[in-house]
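Kindly produce the complete structure, drawing on both the sequences and the hints.
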Amino acid sequence: MSFDLNFIGILIGAIMASSVPLILAASGELITERSGVLNLGVEGMMIIGAISGFALMVVTDNLFFAVVGSMLSGLIISLIFGLLTQSLLTNHVATGLALTIFGIGMSAMIGKNFVGIPGKEFPLLFINLKESIPFLGPVFFGHSIILYFAFGLPFLTNYFLKKTKTGLIIRAVGDSPTSASNQGINVTLVRYSCILYGGAMCGLAGAYLSLIYTPQWIENMTGGRGWIALALVVFATWSPIKVLIGALIFGGITILQLHMQAVGLRIPVQLLSALPYIMTIIVLVVISRDSRKIKLNTPTSLGQIFYKEK
Amino acid sequence: MIKVEKRNDVSRSIYFLTPVLAIFLTLFGGGIIFFILGFNPIEALKFFFITPISDLYGLSELLVKATPLCLIAIGLSFCFKSNNWNIGAEGQLIFGGIVGGGVALLFYNHDGFYVLPIIILSGAFGGMLFAMIPAILKTYFNTNEILVSLMLVYVAKLLLDYLVVGPWSNPEGFNFPETRQFSESARMPILFDGLRIHAGIFITLITVFLSWLVLYKTYLGFQIKVSGLSLKTAKYAGFKGKTMIIFVFMISGACAGLAGVGEITGPIGQLHRNISPDYGFTAIIVAFLGRLNPIGIIFASLIVALTYLGAETAQIFLQVPKYTGQVFQGMILFFLLGSDYLLFFKIKFLGLKKNEL
Numbered sequence: 001m002s003f004d005l006n007f008i009g010i011l012i013g014a015i016m017a018s019s020v021p022l023i024l025a026a027s028g029e030l031i032t033e034r035s036g037v038l039n040l041g042v043e044g045m046m047i048i049g050a051i052s053g054f055a056l057m058v059v060t061d062n063l064f065f066a067v068v069g070s071m072l073s074g075l076i077i078s079l080i081f082g083l084l085t086q087s088l089l090t091n092h093v094a095t096g097l098a099l100t101i102f103g104i105g106m107s108a109m110i111g112k113n114f115v116g117i118p119g120k121e122f123p124l125l126f127i128n129l130k131e132s133i134p135f136l137g138p139v140f141f142g143h144s145i146i147l148y149f150a151f152g153l154p155f156l157t158n159y160f161l162k163k164t165k166t167g168l169i170i171r172a173v174g175d176s177p178t179s180a181s182n183q184g185i186n187v188t189l190v191r192y193s194c195i196l197y198g199g200a201m202c203g204l205a206g207a208y209l210s211l212i213y214t215p216q217w218i219e220n221m222t223g224g225r226g227w228i229a230l231a232l233v234v235f236a237t238w239s240p241i242k243v244l245i246g247a248l249i250f251g252g253i254t255i256l257q258l259h260m261q262a263v264g265l266r267i268p269v270q271l272l273s274a275l276p277y278i279m280t281i282i283v284l285v286v287i288s289r290d291s292r293k294i295k296l297n298t299p300t301s302l303g304q305i306f307y308k309e310k
Numbered sequence: 001m002i003k004v005e006k007r008n009d010v011s012r013s014i015y016f017l018t019p020v021l022a023i024f025l026t027l028f029g030g031g032i033i034f035f036i037l038g039f040n041p042i043e044a045l046k047f048f049f050i051t052p053i054s055d056l057y058g059l060s061e062l063l064v065k066a067t068p069l070c071l072i073a074i075g076l077s078f079c080f081k082s083n084n085w086n087i088g089a090e091g092q093l094i095f096g097g098i099v100g101g102g103v104a105l106l107f108y109n110h111d112g113f114y115v116l117p118i119i120i121l122s123g124a125f126g127g128m129l130f131a132m133i134p135a136i137l138k139t140y141f142n143t144n145e146i147l148v149s150l151m152l153v154y155v156a157k158l159l160l161d162y163l164v165v166g167p168w169s170n171p172e173g174f175n176f177p178e179t180r181q182f183s184e185s186a187r188m189p190i191l192f193d194g195l196r197i198h199a200g201i202f203i204t205l206i207t208v209f210l211s212w213l214v215l216y217k218t219y220l221g222f223q224i225k226v227s228g229l230s231l232k233t234a235k236y237a238g239f240k241g242k243t244m245i246i247f248v249f250m251i252s253g254a255c256a257g258l259a260g261v262g263e264i265t266g267p268i269g270q271l272h273r274n275i276s277p278d279y280g281f282t283a284i285i286v287a288f289l290g291r292l293n294p295i296g297i298i299f300a301s302l303i304v305a306l307t308y309l310g311a312e313t314a315q316i317f318l319q320v321p322k323y324t325g326q327v328f329q330g331m332i333l334f335f336l337l338g339s340d341y342l343l344f345f346k347i348k349f350l351g352l353k354k355n356e357l
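Respectively, the protein sequence lines represent chains A and B.
Mapping the first sequence onto the numbering used here, position 168 (from 1) lands on 168, and the numbers just tick up by one.
Mapping the second sequence onto the numbering used here, position 326 (from 1) lands on 326, and the numbers just tick up by one.
One thing to keep in mind: the hints can contain errors.
Derived list of chain B stretches under chain A, where covered just means 3 residues or more per stretch with a C-beta under 8 Å from a C-beta of chain A [claimed, not checked]: (1) 134 to 145; (2) 331 to 339.
The calculated DSSO-like cross-link candidates involving lysine-lysine, where the alpha carbons are at most 27 Å apart (straight line), are [what the hints assert, rightly or not]: (3) B:Lys322 x B:Lys346; (4) A:Lys308 x B:Lys6; (5) B:Lys225 x A:Lys112; (6) A:Lys242 x A:Lys293.
Treat the hints as calculated values from the structure; they're not laboratory data.
A quick note: this is a predicted structure, and the numbers were derived from the prediction, not measured.
We put the beta carbon where it would ideally sit given N, CA and C, even for glycine.
Right, dumping it as structure tokens:
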């Protein structure tokens, strides 16, 4: 293989595209976790977003409705999680698992009639720039609008959490719900909002998969990306910018293993496919070893039930 | 007017009644879903929950499915009681199946009463080893066991896929992704002619009994429960936290491995890509529905096994996808967790008193 700058540009573009669902879902979950709520239902919310986005695209033939609808359906299904954990004070871990099981089942039920239908072409921006500039063209141009949004999102999230009053309130609720509540903050309301926001972002992440990345509906098409997104939040030690870096690393592994399969190396395909999962474990071990580093940014009340005596 | 009050003590009768309430609410919710899909809800629910077990074969199938579910859930109850979130039982089941299956292939065309016990033990051992990965990483590297155990499910699935496609595939199998059929000596004895119910059910029942002994009659069981209620108390009392974590993971891994080896030597009889219809995940629901109590788990495993059968029947008669079972399973857990609210809070319906008027 000769050294081809343009090819590397295309490769980087592909890595960016494959990291988009991870960035979206992890950024959403990061806000949820920063408010002290651990929602393990990411995989379930993503798959619901994927099927509702695709179904709406087929039914309405309108990509805008499909994208907005996927976010709404992610939001609605996260509302179940909110009602249970915030109003009925259920265990976060168990409720999140139920949400994932329910979401996968529900998506297959809805998706029964949408299997095998071809997707619609999603408009890509600056196509001519992509082709006319070598290397930088395929890196920066010719992507969907959702990709540009996803790459801006970690910076927006960072600014939001650190510089705005609402961001401060969310962090206060996550670190000490009792004192936040004593300051007159409605902890339950803040947490509800963060859960719904996380749900909407996971819905969008799913829609990216079914509308743009592999434009079709396949049962179980999220394939564990929701869980990797959850791991990314830990990997990033709850810092949005590191989510972006982590997602690119995992996108890179995914694309790399696909290329290694295509080149036909004498390594079992299954070993290559297992790489992202094995890497997740290794990275988690490396990050978690230093418990002080982890604790620095971990929302103190993460996963704990908050109940205000009336 | 409705008033919500915190209960001072948890009522024991409500503790075991809320699962029943959850099941009724699930039936109701399921009825609504079937109605939306355009079916007569009563008819559809009948197809789902009654038709599958209206004959002897159906009842035997119910037990065939409940056998692994109950076994895995019993193991998980050790983890969940001590606040260790092992959610990768599916991976431990598959790895147990791989190890047990490998031994079964090793003993291909080999007779002897000792063959099956060796296979079963090696399956349990395999599941146990696989569960020790998240346990050791948690104890020594502070790594989140939820994520590690889950990632390992995907690794186990891919390993199984590699083996049945590659080195272990049947040499006379026309490249189908499956191993040879195991020899007769490597198969679980069938209990009744014509039915699929096999001796694995005794393994499950013995495990249930032993678990009950350990959890309720030994000091170890007491330690597990205390660590689950309050980690600080457990530390104060001088319990060895790390050993405990590894122990509960070993138990639940061994149970999942046993379930895996029970499936491949029982109803399946070989290794192929899909040795488990997500039993490892569904068993999490069974464990909760059974209140982490051995007797409760037996009942819960029968009910959840019925959702598997129901989904199969509904797929045939109503043409709904088999994933409907998962929708029901998710709903059961939602309603169960939600109705736990009644455990900790009293809801009072108050009329206005005369003197308030």
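The hints, checked one at a time:
Under a criterion of three residues with beta carbons nearer than 8 Å to beta carbons of chain A, the stated coverage of the region 134 to 145 of chain B is upheld, 5 such residues being counted. Taking a C-beta to C-beta cut-off of 8 Å, the region 331 to 339 of chain B contributes 5 residues in contact with chain A, enough for the three needed, and the coverage statement holds. Restraint check for B:Lys322 and B:Lys346: the C-alpha separation of about 39 Å exceeds 27 Å, so the hint is violated. Restraint check for A:Lys308 and B:Lys6: satisfied, since their Cα atoms lie roughly 11 Å apart, inside the 27 Å limit.
Among the hinted pairs, B:Lys225 with A:Lys112 is inconsistent with the structure: their alpha-carbon atoms are about 44 Å apart, more than 27 Å. Restraint check for A:Lys242 and A:Lys293: the C-alpha separation of about 14 Å stays at or below 27 Å, so the hint holds.
Going down the numbered hints, you'll see the structure goes against 3, 5, while the others check out.
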